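Enquirer: Listed here are the chains, written in short residue letters.
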Amino acid sequence: MVAVGLVAGALAFGALTAGAAQVRPPATTTTAPARAEVAAGAQLYAVACTTCHGTEGQGVTDRGPTLIGVGAASADFYLSTGRMPLDRPRAQAERKRVAYSAVQIRQLVAFVASLGAGPAVPRIVTGSGDLAEGNRLYANNCAPCHSSAAAGGALGHAVYAPPLNRATAVQVAEAMRVGPGAMPVFGPATLDDAQAASVVRYVQYLHRPDDRGGLGLGHLGPIPEGFVAWVVGLGAMLVAVRWIGTKT
Amino acid sequence: MSSRQATEGRMAALLVTATLAALALAGVYIAGGQPQAEGALLGVSLGGIGVALVLWARGLASEGTVVGERGDLAGDAADEAAVEERIEEVLDEQPGRRSVLRLFWAAGGALGLAAVFPLRSLGPAPGRALLTTAWYRGARLVDVNGRPLTVGTLQVGGTLTAFPQGAQHAGDSQVVVVRVADGELRPRPGRESWSPQGYVAYSKICPHVGCPVSLYQADAHELLCPCHQSTFDVLDGARPTFGPATRSLPQLPLAVDAQGYLIAQADFDEPVGPGFWNRD
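Protein sequences appear in the order of chains A and B.
Mapping of the first sequence onto the numbering used here: residues 1 to 248, in sequence order.
Mapping of the second sequence onto the numbering used here: residues 1 to 280, in sequence order.
In short, the hints are calculated from the structure, not lab data.
A quick note: this is a predicted structure, and the numbers were derived from the prediction, not measured.
You may find that some hints are simply not true.
What the hints assert, rightly or not - The following label-pair restraints were derived from C-beta to C-beta distances:
no., chain 1, residue 1, chain 2, residue 2, range
1, A, Ala143, B, Pro148, 22 to 32 Å
2, B, Gly9, A, Thr126, 55 to 65 Å
3, B, Ala181, A, Ala143, 18 to 28 Å
4, B, Gly146, A, Gly233, 36 to 46 Å
Unchecked claim - Partial list, derived from the structure: chain B residues whose beta carbon lies under 8 Å from chain A:
no., residue
5, Leu60
6, Leu154
7, Gly157
8, Thr159
9, Ser214
10, Asp219
Said to hold, decoys possible - Simulated coverage check for chain A against chain B, where a stretch passes if three residues somewhere in it have a Cβ under 8 Å from a Cβ of chain B:
no., segment
11, 153-159
12, 180-187
13, 202-215
For every residue, glycine included, the Cβ atom is placed at its ideal position computed from N, Cα and C.
Chain A on its own, in the form it takes in the complex (with noise of 0.2 Å):
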């Protein structure tokens, strides 16, 4: 099993080599030890990702897109969240367990973005954006979808956006860049890396937002407040009038 899980990261490799000059001239000069890491990341990608991405990743129909020119920042989000490896090619990629170390990840990484040029894993400074920009956009750009709390909601095709209670920071800028599944894609020329930032940190405040009332009920909005507000306010009141009545 390993012996021919090598030699198909062996071949493959050598596919690569040859045809990589011809996909892409690489974008910056790379030095031995980035050499090294997408070298690795070719082992680790001809091992699970040939199947559904092809050996040169130029994807196989009904199985899985091509990876050429998806570039890094859509390699780690995939893989990161534990979107990928995906054991059913066409069904709906969800956060699960992460398979590979972060050595791992980083060489897989490597590969892809050789393969082609693509949004590089963005850079986040913590606590850089506006708090307060980042609602408008959220409410503006992602609330139809992923809800104003965050807390995703179902989508058409029997697909779902997914709750953003987990996501990192990384994680929440990649998605913008890169659009995965069915989400669309928001590029630097839609929005720019400083509203991406203020995105970012309203989606992190989200995942501790400022519940003033004490509890946040899943942030489900109105319909779970008025449930409790019914229930639980109008039930006590029903007791204290049932109380009140009472002869001694």
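For this one, chain A is given, so just place chain B on it according to the hints.
Expert: Relative to the frame of chain A, chain B by itself:
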């Protein structure tokens, strides 16, 4: 007697608690405030006063059930006769029954006339306002902050809500702009030039009951209305593929001007939003 003393003791305890809670509430408020603590203290204070009042009232109320006998509703025949006689008398004192009855008719008629005027409050006739929007030939598309959209604003798979420049608050004019890969669209006859470089704009107002169609599923190229799950195929002129909507989203004819800005070629070629009485 002892039960009365016990009640008084309970009332005193409740009122002291209410007083302390109110003072604590003031203290918490002065110290900067904490919503949950303030709410709890206010509840204890008001609740203590309320319960004490109830206890007091229950102490005042007499024991047992008291039944108050009600008198006969119907008067006797003599009373009825007297009332009738009096009515006859009053009518006879007037200049004449006929004129009194006429005055009744006049008052009723005037009231009816007055009731007709509130019809005016139904508002001015909308005229052509429902048939047109703020879009015009050459209007630049701007985002909610007034920033104009250029051909580079969206990547393929991106989306943005846009308004006509200068009318960012015209609710009937908002469009959802989507960019798809060039050549992916299947434009309807006569609309071939409406979607430059994969940019396509549809009215954001659902033709079902007018919700904002703001959910874009980029992989399926479908717009989804969050209210009743009407789904529209972006590649096929926003034809409804699921849900209660029966009409396609009106499409705004787009063009790119010499400076690369996205502009409208004209207003929508059909009314936006849900149907109305004289739409067709």
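Enquirer: Close enough to count: is the Cβ of serine 214(B) nearer than 8 Å to one in chain A?
Expert: 4 Å, holds
Enquirer: Take the shortest C-beta to C-beta distance between glycine 157(B) and chain A; is it under 8 Å?
Expert: Holds: closest Cβ of chain A sits about 4 Å from glycine 157(B), inside 8 Å.
Enquirer: Against chain A, run the beta carbon of leucine 154(B) and see if the smallest gap drops under 8 Å.
Expert: Status holds, d = 6 Å.
Enquirer: Could you see if the CB distance from alanine 143(A) to proline 148(B) stays within 22 to 32 Å?
Expert: 24 Å, holds
Enquirer: Using the beta carbons of glycine 146(B) and glycine 233(A), state whether their distance is inside 36 to 46 Å or not.
Expert: 44 Å, holds
Enquirer: Is it true that glycine 9(B) and threonine 126(A) lie within 55 to 65 Å of each other by Cβ?
Expert: 59 Å, holds
Enquirer: Answer holds if the nearest beta-carbon of chain A is closer than 8 Å to that of leucine 60(B); otherwise answer violated.
Expert: 11 Å, violated
Enquirer: Regarding the hint that threonine 159(B) lies at the interface with chain A, is the smallest CB-CB distance below 8 Å?
Expert: Check passed: Cβ of threonine 159(B) comes within 4 Å of chain A, closer than 8 Å.
Enquirer: Would you settle whether the hint for aspartate 219(B) is holds or violated, based on the nearest Cβ-Cβ distance to chain A being less than 8 Å?
Expert: 5 Å, holds
Enquirer: When you take the CB atoms of alanine 181(B) and alanine 143(A), is the distance between them in 18 to 28 Å?
Expert: 27 Å, holds
Enquirer: Against chain B, does the segment 153-159 of chain A show at least 3 residues with beta-carbon separation below 8 Å?
Expert: holds (count 5)
Enquirer: In terms of beta carbon proximity below 8 Å, does the segment 180-187 of chain A have 3 or more residues touching chain B?
Expert: holds (count 7)
The structure shown violates just one earlier hint, number 5.
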